[in-house]
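Novice: Starting from the given sequences, assemble the full structure and let the hints guide the process.
So the chains spell out like this:
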Amino acid sequence: MFRAVLAKEIRNHLLSFRFMAVFVMLMVVIPVTVLILSTDTLRKREEYSRRQAEIQAYLGQYAHFNRLFAVISPSQPPIAMLTLARGLADDANINAFNNDPLPVMFPLIDLVFVATILLSLAALVFSYDAVSGEREDGTLKLALANGVPRSTVLAGKFAGGAIVLFVPFLIALSLGLIYVLLNPRIGWSAVDGGALGLLLAGSAVYTMVFYGLGFLISARHASSASSIMTSLVVWVVLVLVVPNLSPYLAELVNPAPSRIRIGREVDRMTDVERDELGRKLSAERRAAVIRDHPALADVERMSESDIKATIARDPEFAWAYALFRSASEAAWKEANVIQGQKAQVLREELGRKEEAQTRLALNLSLASPLAGFTYLATDLTSTGMLNQRHFTGLARAWARNYSEYVQKKMAEMRQADPTVDLWNTAVDVSDMPRFVYKEAPLADRLRAALVPFLILSGMALVFIALAYVSFVRYDVR
Amino acid sequence: MTGTIVRKEILSNLLSYKFTAVIVLVVVLVATSFFVMARDYKERLADYQLIRPEPGAPIAVLPPNPLSIFARGLEEAMTRSFEVGAVGIDVRAGQSSGNVIFSFFPTPDFVHIIKVVLSLVALLLGFDAVSREKEAGTLKLALSNAVSRSSLLLGKWTGNFLSLAVPFLLVTGLGLSVMAFDPALRMSPGALGRLGLILAAALIYIALFLSLGLLVSSLVRRSATSLVVLLLLWSVIVFVLPNMGSLLARQIVDVPSVRSLSEKRQQIWTREVLLSYGDRSGWGARIQAMNEEFDRMEEDYRLKFNRLVRTSRSINRISPAASFVDAATEIAGTGVSEETRLKSEVIRYKNQALPSLARDRTAREAPAFSYRARPLGEVLSDGGLFDLAWLSVFTILLFAAGTVAFIRTDPR
Numbered sequence: 000m001f002r003a004v005l006a007k008e009i010r011n012h013l014l015s016f017r018f019m020a021v022f023v024m025l026m027v028v029i030p031v032t033v034l035i036l037s038t039d040t041l042r043k044r045e046e047y048s049r050r051q052a053e054i055q056a057y058l059g060q061y062a063h064f065n066r067l068f069a070v071i072s073p074s075q076p077p078i079a080m081l082t083l084a085r086g087l088a089d090d091a092n093i094n095a096f097n098n099d100p101l102p103v104m105f106p107l108i109d110l111v112f113v114a115t116i117l118l119s120l121a122a123l124v125f126s127y128d129a130v131s132g133e134r135e136d137g138t139l140k141l142a143l144a145n146g147v148p149r150s151t152v153l154a155g156k157f158a159g160g161a162i163v164l165f166v167p168f169l170i171a172l173s174l175g176l177i178y179v180l181l182n183p184r185i186g187w188s189a190v191d192g193g194a195l196g197l198l199l200a201g202s203a204v205y206t207m208v209f210y211g212l213g214f215l216i217s218a219r220h221a222s223s224a225s226s227i228m229t230s231l232v233v234w235v236v237l238v239l240v241v242p243n244l245s246p247y248l249a250e251l252v253n254p255a256p257s258r259i260r261i262g263r264e265v266d267r268m269t270d271v272e273r274d275e276l277g278r279k280l281s282a283e284r285r286a287a288v289i290r291d292h293p294a295l296a297d298v299e300r301m302s303e304s305d306i307k308a309t310i311a312r313d314p315e316f317a318w319a320y321a322l323f324r325s326a327s328e329a330a331w332k333e334a335n336v337i338q339g340q341k342a343q344v345l346r347e348e349l350g351r352k353e354e355a356q357t358r359l360a361l362n363l364s365l366a367s368p369l370a371g372f373t374y375l376a377t378d379l380t381s382t383g384m385l386n387q388r389h390f391t392g393l394a395r396a397w398a399r400n401y402s403e404y405v406q407k408k409m410a411e412m413r414q415a416d417p418t419v420d421l422w423n424t425a426v427d428v429s430d431m432p433r434f435v436y437k438e439a440p441l442a443d444r445l446r447a448a449l450v451p452f453l454i455l456s457g458m459a460l461v462f463i464a465l466a467y468v469s470f471v472r473y474d475v476r
Numbered sequence: 000m001t002g003t004i005v006r007k008e009i010l011s012n013l014l015s016y017k018f019t020a021v022i023v024l025v026v027v028l029v030a031t032s033f034f035v036m037a038r039d040y041k042e043r044l045a046d047y048q049l050i051r052p053e054p055g056a057p058i059a060v061l062p063p064n065p066l067s068i069f070a071r072g073l074e075e076a077m078t079r080s081f082e083v084g085a086v087g088i089d090v091r092a093g094q095s096s097g098n099v100i101f102s103f104f105p106t107p108d109f110v111h112i113i114k115v116v117l118s119l120v121a122l123l124l125g126f127d128a129v130s131r132e133k134e135a136g137t138l139k140l141a142l143s144n145a146v147s148r149s150s151l152l153l154g155k156w157t158g159n160f161l162s163l164a165v166p167f168l169l170v171t172g173l174g175l176s177v178m179a180f181d182p183a184l185r186m187s188p189g190a191l192g193r194l195g196l197i198l199a200a201a202l203i204y205i206a207l208f209l210s211l212g213l214l215v216s217s218l219v220r221r222s223a224t225s226l227v228v229l230l231l232l233w234s235v236i237v238f239v240l241p242n243m244g245s246l247l248a249r250q251i252v253d254v255p256s257v258r259s260l261s262e263k264r265q266q267i268w269t270r271e272v273l274l275s276y277g278d279r280s281g282w283g284a285r286i287q288a289m290n291e292e293f294d295r296m297e298e299d300y301r302l303k304f305n306r307l308v309r310t311s312r313s314i315n316r317i318s319p320a321a322s323f324v325d326a327a328t329e330i331a332g333t334g335v336s337e338e339t340r341l342k343s344e345v346i347r348y349k350n351q352a353l354p355s356l357a358r359d360r361t362a363r364e365a366p367a368f369s370y371r372a373r374p375l376g377e378v379l380s381d382g383g384l385f386d387l388a389w390l391s392v393f394t395i396l397l398f399a400a401g402t403v404a405f406i407r408t409d410p411r
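Each protein sequence line maps, in turn, to chains X and Z.
Counting in numbering that gives the first Met the number 0, the first sequence runs from 0 upward without gaps.
Counting in numbering that gives the first Met the number 0, the second sequence runs from 0 upward without gaps.
Please keep in mind that the hints were generated in silico from the structure rather than gathered at the bench.
Some hints here could point you the wrong way.
A partial selection of chain X residues facing chain Z, derived with a Cβ cut-off under 10 Å [unchecked claim]:
| # | residue |
| --- | --- |
| 1 | Tyr61 |
| 2 | Asp109 |
| 3 | Ala121 |
| 4 | Asp128 |
| 5 | Glu250 |
| 6 | Ser367 |
| 7 | Leu369 |
| 8 | Met384 |
Listed below are the simulated SDA-like cross-link pairs for lysine to any residue, each with C-alpha atoms no more than 25 Å apart in a straight line [unchecked claim]:
| # | chain 1 | residue 1 | chain 2 | residue 2 |
| --- | --- | --- | --- | --- |
| 9 | Z | Lys263 | Z | Tyr300 |
| 10 | X | Lys43 | X | Asp136 |
| 11 | X | Lys43 | X | Thr391 |
| 12 | Z | Lys17 | X | Asp136 |
| 13 | X | Lys352 | Z | Phe34 |
| 14 | Z | Lys17 | Z | Lys139 |
| 15 | X | Lys408 | Z | Glu271 |
| 16 | X | Lys43 | Z | Ser102 |
| 17 | Z | Lys41 | X | Asn94 |
| 18 | Z | Lys41 | X | Ser257 |
| 19 | X | Lys43 | Z | Gln266 |
| 20 | Z | Lys263 | X | Ser257 |
| 21 | X | Lys407 | X | Ala396 |
Given the structure is predicted, the values throughout are model-derived calculations rather than measurements.
Think of the CB as a built atom: it goes at the ideal place given N, C-alpha and C, for glycine as much as any other residue.
Specialist: Structure (C-alpha cells):
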C-alpha cells in the first residue's frame, strides 16, 4: 500500500505546475551560479599566483629583516570548494582603505545560499497543501475510506514529496559539477567530493526539516489558503529573523565592552598611568638608595656634568650612583610589568566576554535550521569558522618557524661579520620557511559539522512526529 | 463605484486570517528593527566620542549617521577612522565586534525588511485578488453589474495597497515618535525629509509588487498556481538577481584585489626603507616619490573599481529590489556613491596633511577633516531619481499589463 501512495504522490508532483516551476528555476540558477563562481575562482587563483610571484621577485632583490614579515604575511589561497561555497570569504576587506562595498550591499550568491533560501521555500511550496489541499479536493476521505492506515498515507506522502523535491536539486547540481570536474584548472579532488557528499546529506536533512514543517502546518489547518500563509510567516521568522537577531540578542544578554573602549583603556594604562606609576616608584626607590648612601645626598640637585665629574673623582660615589641608577631602572621596569599585566587582564577579559557572547549567539541561532545548515555547510567546505581557526593556527605555526629562521640567520650573519646591521642588510632568504596552506582534514570538518547535523536531524524528526500526531487527529471531512 | 470596491477589499482583508498573519509579522519586524538599530546607533555614538581626533591630529573620522538606523548600507565602512601617516592612510576598523556570528547574519535594518518582507507581504495580498474571486464565483457576479473591469481592478489595487500601506506607515510613524523622545536619536529636519523620501520609495516598491501580484493573478486560472509563480519570481527578484549581478560584473570588469594592492604597497615601502638606509638625506624626497607611486596605483585602482561599481549597478537594476536598496541607501547617505566620494575626500585630506608630516612625524598641525554628505538634490540627480523613476515605470508597466490581462480574463 505504501508503494501505491508513494507512486501516486510522485506522479502527482511530477505532473504539477509547481514542480515544473521549481525545476526550471533550479536548473537555471544552480548551473549559472556554479559557472560564475568557477570563473571567479579561476580568476582569483590566477591573481593569487601573480601576487606570490611578485613577492618572490621582491624577496630576490630587496629582502631584509626589517619589516620583511609585513611583506610575506600569510594569505589564504583560493580553494577548489569556492566554486560552490563562499562562506566567510573576506571580500569586503573592511580593514583596508580600498575596501569593497559591493558584497556588503548585495551578499554574493553561492550554493549554500541557493540551498538555504530557495530549497526551503520550495519545500514549503511542495508541502503546504499535502493534507489541507487533499481535504479540500475531497480525495483524502476517499483514500482513508479504503483500508489505508493514516501512518502509511503520511509516510508515502512524505517520502514522495521529499524525493521529488530533492531530485531536481541533485540534477541541477550535477549539471554544474560536470563543468567543475571537466575543468582541470579548478583541481577538484576526492576529498572535495567527500565533503560535497556530506554537504548533500546535510542539505537533504535541511530540506526534510522544512518539508516536515510544511506538512505539520498543513495538518493543523483546514484550508490550504491559510496553511500557506502560516507556512510563509514561519519561514520568514526561521530564515530571516531568528538567525539575524540571535547575535544581537546574545549581545544584550552577554554584553562585551566595545573594542574601541578597551583599546583606549589599554593605551591609557600602558602610557599615562605607566608614566605616573614609574615616576612614583622610581622616586621611592631612589630616595631609599639615597638614605642608605650619604654620599648621594645631593645627587637629585646635581647637574649631569657635575655627576660625571664626581663619578670620575669619587669611587664611592660612583659605586653608589650605579646602585641609584639601577634602582630607578628596576622601578620603571616594574611599572611596565604592573601596567602590562593590568592591560593584559583587561584584554583577556574582553576576549572571554566576546567568546561567551559568540557562543551564546551561536547556540541561539541554532534554533533556526538555516543557521544550523549554514554552519554545517561552511565548515564542511572549509569556508567557515573552523577554517578561520585552522588558518590562524597554521599562520601561527609558520610565524614561529619564521622567527626561528630569522634568529638562526642573524646568528650566521653575526658570525660572518660582527659589525653588520642585522635588520637593514640585504639577505638571501631563498631557504626561508614558506607558508603552506592545507585545508583542515575531512575528519575535523565532519566533527565540526556533526552538532548542527544532529540538531537538524532532531528538528526533522520532531516535525515529522508532530505532523503524524496532527494528521492522526485530522478531521478529513 | 470604485470607492465601494475599495471599501469591500479593505473590509474583506481586515476579516481574513492572511491579513492578520502578515500584518502582525510586519509590525513586529519593523518595531524590533527600530529598537535594535537605534540601540546600536547609540553605542556607535558613544564609541565615536572616544575615537574623535584631537585638534591637529591627522585623522579623519565621520560621526555615525542617524539615518543608518534605517538604511545601514556602508555605514560601517564610512565610520572607520582614517589616520594619515608618512606612507599613506592607515585604517582602523571602527566598530568591529568580536562576535563572528554577526558576519554570518547581520542585523536586519528597515530597508532590508522592506526589501525582503514587505515585498513578500505585498505579493501575498495580491496573489489571489483576481483568481480567488474567480474560484469563488463572485467575479462574474460583480462583472454582471454595471461596473467596468478597469474600475474593478483599480478598486482592488487601491484597497489592497491601502490595507498594507496604512498599517506600515502607522507602525513606522509610531516607531519614529517613540524614538523622538530619546534626545540622542533626535533627527534634523533634513534627515526627516530624507526619511520621508525613503518611505515614498518604499511605497512605490510595495506598489510594484502588488501590481505584479495582480498581473499574475489575472493571468492564471488558479490561485495556487499564481502563488507558486509569484514566490519564485519574488525569490529571483529579491535574492538571486542582485546577488548574482555583482558577481557577474566582477567577471566582466577585471579589478585587482584589495589584498594585491596592500601587498604591493608594503613591498614598495620596505624596498624604499632598504634603499634609503645609510642615506637619510634624501628621505623627504623619497617619501614624496613613494606617495606619488601609491597615488598612481590608487588612482588606477579607483578608476577600474568605479567601472566595476557602475557595471554592477547597471546589471543589478534589472531587479527592482536592487534599485530600491541603491536609491534608499543613497538618499540616507550610506550608499556606494557616497562612500566613494568620502574616500576621495580622505585622499585629498591626506595630500593636505602630508607636507607637515613629511617634515616631522609627530607634528600635530594638520587641518581638521570636514565632510558634508551630498545635498539631496545631488543624490537625486546622480542616479537616485533614475532609480525612483525606474521603479515607478516598472510599477506602471506592470499595472498596465495587469489591466490588459484582467480585461482579457474569462471570469467563469
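Novice: It remains to establish, for every hint, whether it holds in the given structure.
Specialist: Consistency of the hints with the structure:
no.	hint	result
1	Tyr61	holds (5 Å)
2	Asp109	holds (9 Å)
3	Ala121	holds (8 Å)
4	Asp128	holds (7 Å)
5	Glu250	holds (7 Å)
6	Ser367	holds (9 Å)
7	Leu369	holds (9 Å)
8	Met384	holds (6 Å)
9	Z:Lys263 / Z:Tyr300	holds (12 Å)
10	X:Lys43 / X:Asp136	violated (54 Å)
11	X:Lys43 / X:Thr391	holds (21 Å)
12	Z:Lys17 / X:Asp136	holds (21 Å)
13	X:Lys352 / Z:Phe34	holds (23 Å)
14	Z:Lys17 / Z:Lys139	holds (24 Å)
15	X:Lys408 / Z:Glu271	holds (23 Å)
16	X:Lys43 / Z:Ser102	holds (22 Å)
17	Z:Lys41 / X:Asn94	holds (23 Å)
18	Z:Lys41 / X:Ser257	holds (12 Å)
19	X:Lys43 / Z:Gln266	holds (20 Å)
20	Z:Lys263 / X:Ser257	violated (32 Å)
21	X:Lys407 / X:Ala396	holds (17 Å)
When held up to the earlier numbered hints, the structure conflicts with 10 and 20 and fits the remainder.
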